[in-house]
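A.B. asks: Make the complex out of the two chains shown on their own, each in a separate frame, by following the hints.
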Amino acid sequence: MSFFSVAEHVFELTRENSDLPVVAGLNFGPFRAEYPTASPLFRVVVDRPVVARTDEPMVRFDYDLQVGNCTLCIYPDEYRLTLRALGEESTLVCPQARSSYAFAPECSFYADLCVEGKRTPGVIFDHAMVFAYSFATLPYDTLLIHSSVVVKDGLAVMCLGESGTGKSTHTRLWLEHIEGAERLNDDGPVVRVMPDGEVRVFGSPWSGKGCVWRQESFPLGACLRLRQAPRNEIKRLSKIAAFGALLPSTLPTLQKEERALDYICDALSKIVATKPIFMLDCLPDEAAARLSYETIFAAAG
Amino acid sequence: MKLKSDYKVRKIAGESVIVRMGQQNVKMTTIISLNPTSEWLWEQLQGVEFDAEKVADLLTGEYEVEREVALKDAEAWIASLTKADLVSE
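Chains P and G, in that order, are what the protein sequence lines are. Counted the way our numbering counts, the first sequence spans residues 41 to 341. Counted the way our numbering counts, the second sequence spans residues 7 to 95.
Please note that a few of the clues may not be correct.
[To be verified] Computed far set for chain G versus chain P, every beta-carbon distance over 12 angstroms:
no., residue
1, M7
2, K10
3, D12
4, I18
5, V75
6, T88
[Said to hold, decoys possible] Listed next, the in silico DSSO-like pairs over lysine-lysine satisfying Cα-Cα at most 30 angstroms (straight line):
no., chain 1, residue 1, chain 2, residue 2
7, G, K78, G, K17
8, G, K60, G, K14
9, G, K78, G, K60
10, P, K249, P, K158
11, G, K17, P, K279
12, P, K310, P, K296
13, G, K60, P, K279
14, G, K78, G, K10
15, P, K192, P, K296
16, G, K17, P, K275
17, P, K192, G, K14
18, G, K8, G, K78
19, G, K78, G, K14
20, P, K296, P, K279
21, P, K310, G, K78
22, G, K60, G, K10
23, P, K310, G, K14
24, G, K17, P, K315
25, P, K249, P, K275
26, P, K296, G, K10
27, G, K89, P, K275
28, G, K10, P, K310
29, G, K78, P, K296
30, G, K60, P, K296
31, P, K275, P, K192
32, G, K14, P, K315
33, P, K296, G, K14
34, P, K192, P, K249
35, P, K310, P, K192
36, P, K315, P, K192
37, G, K89, G, K17
38, P, K296, G, K8
39, P, K315, P, K296
40, G, K17, G, K60
Because the hints were derived from the structure by calculation, they are not lab data. It should be emphasised that the depicted structure is a prediction, and the values quoted were computed from it without experimental measurement. Glycine included, each C-beta is placed from N, C-alpha and C at the ideal position.
The following block holds chain G by itself, in its conformation from the complex (with noise of 0.2 angstroms):
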């Protein structure tokens, strides 16, 4: 999968976050927040093909994390994104 590529990362009183405006027939807008490890994987990621042991290639090499821990970790950062509908296949 991929990160969609038109959201961009906005600074909103000193949080990060995604703005999603409504489309066409749905008015409903959406924030998304990012927390500073899911701002720098959405950096990491940027017009990459990933999936979960990817992303929990990542939180390895960067955190002190237990491998089985990170893939789980990824699994539910990919579920959000999924739910957020950030990704495409």
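Chain P with its partners taken away, still in its complex shape (with noise of 0.2 angstroms):
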């Protein structure tokens, strides 16, 4: 048994065929919870071989990732995420009936990532726990957010946008031009709106090609909705334009089913209604970071 905290979710990844312990990437070394005081709010069993079905799903979402793509397939009795990349293929599944789409507390998967004798590339282990992971903190105002969050006096700063548009270049701006600046993580963080209403950004395993696992949190700053333009300008979004900026950058697997979209509107809607969205039209520059910058932290006091 192998047990995991992320944004205070604990979790399980588990085996039934053997006694081995589940291997995890390095980057999830930091956020292993050996004596987990909560019982988990979800578990994967990652050796269950998937029997493949052949039947018509409800709906079909094929999709691209960095390196590989998916599809997700939900029928009227569960969700079935086949993941693909470097010559290999893993589906995991969560049996979890349509009807009855209640977000149990013991929402579980199980998997075929790590059956015996098949060597499932990194990057598919990590989608699918993405996948489980939001899937399953949907309930709890927990979202994972596509983007680069730098950490400046104690507030994080995320940089949302289209793959290419220059987010963990504007970060890493961050980083040499703005005095105290650090990365908190460079691709996948978790925003989770606290019980008591504060917004805080969760470093993450998911940190793409910025390979920084921190295990560490602070309250949302400000998020920047980034566009590549030939000059640097910023303004702040209104409620519904930064909904409309912030949406695009969850999940898209779970944008599919009205269910999960309520919950992705009800945590945004928290979070834009208390915190500063701008979109940021930059060049890849000082200029650019020292902008973002003072708007941000002029706004915050």
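C.D. replies: In structure tokens, the structure reads:
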């Protein structure tokens, strides 16, 4: 048995066909929770063979990963995420009937990620966990947001945008030019609206090429939606525009069902109600980092 | 025409919006903001076959507005819904 804690949600990865430990990548190391104090929110059995289904799903959604691709199939009685990369394929199943789609606390998954003789690439393992985690934590105002995050003076600043817009570049410019700035995560941090209403950003095992796996969290200061432009310009968004700026950076697989979308909208609604969200048109230069830094911290006082 | 049935009105930070997620090959997500009158019309017209005349009837029944003005508003409202792809013929 292996326990992990991400954004204070504990989950368990387990084998049922051997006593071997579950070998998760280095990126999971800082998130190990050897002695959980609360019962886990969900568990993933990682070594159960998955029998292929040939019947037609209600919803089928294909999408690309940075490396490889995925297919999500929603059936009346279960969710199936098939992941393909580097010539390997694995499937994660959430046997939760749609009719009782209540996100029960005992939410559980199984997958053939670690069946004997299989060499599952890290990219598949990581994305399967991203899906399981995001799915199971939805009812708890918890969202994995595709972004690169810097921390300055104890506040987290999240940079969002389409792939290739320069999220990591912009946070790197902060590290280089804004004294005391550090990176919390470079790809998939977790944002959570805490029971007292505070919005916090947590490090996670999912950090892309940045390889920053920090078991730490900070209050959210602001979000920046980045767009490449021939000049630097920043503008604070209205609440509805802010919502529109954040929604595309949530996990696309979760937007495919009304009930899940309800949870996403609820959490985002709470975030945009209290936090400043900016549109940043920018060049990849020092002036862009100074502009966003000064604007955000002037607003924060 | 009819309102497309697969959209629901959501409250985001106190405002009423319709969220239309990007379709298979169009990644663009559209957020349509509804003012109170639009939201009221949206509720009244669920599952109902309607045209500009019908919308104008609703408007004149609920608000103090000249028929001619109501019809113009109704046409503009339908045009904006059509542009946002929220109605079907």
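A.B. asks: Determine for every hint whether it applies to the structure shown.
C.D. replies: Verification of the hints:
1. Taking the minimum C-beta to C-beta distance to chain P, about 24 angstroms, the non-interface status of G/M7 holds against the 12 angstroms cut.
2. Every Cβ of chain P is farther than 12 angstroms from the Cβ of G/K10; the closest lies at roughly 14 angstroms, confirming the non-interface assignment.
3. Chain P draws G/D12 into its interface by the beta-carbon criterion, the shortest separation being 9 angstroms against a cut-off of 12 angstroms.
4. Not every CB of chain P lies more than 12 angstroms from the CB of G/I18, the least distance being 5 angstroms, so the non-interface label is violated.
5. Listed as outside the interface, G/V75 is consistent with that label: its C-beta sits roughly 28 angstroms from the nearest C-beta of chain P, beyond the 12 angstroms cut-off.
6. Every beta carbon of chain P lies more than 12 angstroms from that of G/T88, the smallest distance being close to 21 angstroms; the non-interface claim holds.
7. Between G/K78 and G/K17 the CA atoms are separated by roughly 28 angstroms; this keeps the pair inside 30 angstroms, and the hint holds.
8. For the hint linking G/K60 to G/K14, the alpha-carbon distance of about 22 angstroms falls within 30 angstroms, and the restraint holds.
9. A distance of roughly 12 angstroms separates the Cα atoms of G/K78 and G/K60; the hinted pair therefore holds under the 30 angstroms criterion.
10. For the proposed pair P/K249 and P/K158, the alpha carbon gap of about 25 angstroms is at most 30 angstroms, so the pair holds.
11. About 11 angstroms separates the Cα atoms of G/K17 and P/K279, which keeps this hinted pair within 30 angstroms; it holds.
12. The straight-line distance between the Cα atoms of P/K310 and P/K296 is roughly 21 angstroms, inside the 30 angstroms bound, and the hint therefore holds.
13. Between G/K60 and P/K279 the alpha-carbon distance is near 33 angstroms, which puts this suggested pair outside the 30 angstroms criterion.
14. For the suggested pair G/K78 and G/K10, the alpha carbons sit about 22 angstroms apart, so the restraint of at most 30 angstroms is met.
15. Straight-line distance between C-alpha atoms of P/K192 and P/K296 comes to about 35 angstroms, which puts the hinted pair past the 30 angstroms bound.
16. Taking the CA atoms of G/K17 and P/K275, the gap is near 24 angstroms; set against the 30 angstroms cutoff, the hint holds.
17. This hinted pair does not check out: P/K192 and G/K14 have alpha carbons roughly 39 angstroms apart, beyond 30 angstroms.
18. Proposed proximity of G/K8 and G/K78 is supported: the alpha carbons are some 19 angstroms apart, at most 30 angstroms.
19. For the proposed pair G/K78 and G/K14, the alpha carbon gap of about 26 angstroms is at most 30 angstroms, so the pair holds.
20. A threshold of 30 angstroms between alpha carbons decides the hint, and for P/K296 with P/K279 the separation of about 23 angstroms falls inside it, so the pair holds.
21. Proximity of P/K310 to G/K78 is assessed by CA-CA distance (about 37 angstroms); at most 30 angstroms being required, the pair is judged violated.
22. Between G/K60 and G/K10 the CA atoms are separated by roughly 17 angstroms; this keeps the pair inside 30 angstroms, and the hint holds.
23. Proposed proximity of P/K310 and G/K14 is supported: the alpha carbons are some 19 angstroms apart, at most 30 angstroms.
24. Restraint check for G/K17 and P/K315: the C-alpha separation of about 17 angstroms stays at or below 30 angstroms, so the hint holds.
25. A distance of roughly 29 angstroms separates the Cα atoms of P/K249 and P/K275; the hinted pair therefore holds under the 30 angstroms criterion.
26. Taking the CA atoms of P/K296 and G/K10, the gap is about 17 angstroms. The hint holds against a cut of 30 angstroms.
27. Distance check on the hinted pair: G/K89 and P/K275 sit about 27 angstroms apart at the alpha-carbon level, within 30 angstroms; holds.
28. Distance restraint check for G/K10 and P/K310: the Cα-Cα separation of roughly 28 angstroms lies within the 30 angstroms cut-off, and the hinted pair is therefore satisfied.
29. Only pairs whose Cα atoms come within 30 angstroms are accepted, and G/K78 paired with P/K296 is rejected, the gap being roughly 37 angstroms.
30. At most 30 angstroms may separate the alpha-carbon atoms for a hinted pair to count; G/K60 and P/K296 exceed this at roughly 34 angstroms.
31. For a cut-off of 30 angstroms, the pair hint linking P/K275 to P/K192 stands: about 20 angstroms separates their Cα positions.
32. Annotation: proposed proximity of G/K14 to P/K315 holds, straight-line Cα distance about 25 angstroms (limit 30 angstroms).
33. Distance restraint check for P/K296 and G/K14: the Cα-Cα separation of roughly 14 angstroms lies within the 30 angstroms cut-off, and the hinted pair is therefore satisfied.
34. As the CA atoms of P/K192 and P/K249 are separated by approximately 21 angstroms, the hinted pair is consistent with the 30 angstroms bound.
35. With a CA separation close to 23 angstroms, the supplied pair P/K310 and P/K192 stays within the 30 angstroms bound.
36. For the hint pairing P/K315 with P/K192, the CA-to-CA distance comes to about 16 angstroms; that is within 30 angstroms, so the pair holds.
37. Distance check on the hinted pair: G/K89 and G/K17 sit about 22 angstroms apart at the alpha-carbon level, within 30 angstroms; holds.
38. Under the criterion of a C-alpha separation no larger than 30 angstroms, the hint pairing P/K296 with G/K8 is consistent with the structure, at around 24 angstroms.
39. As the CA atoms of P/K315 and P/K296 are separated by approximately 26 angstroms, the hinted pair is consistent with the 30 angstroms bound.
40. Restraint check for G/K17 and G/K60: satisfied, since their Cα atoms lie roughly 27 angstroms apart, inside the 30 angstroms limit.
In terms of the numbered hints stated before, the structure departs from hints 3, 4, 13, 15, 17, 21, 29 and 30, listed from lowest to highest.
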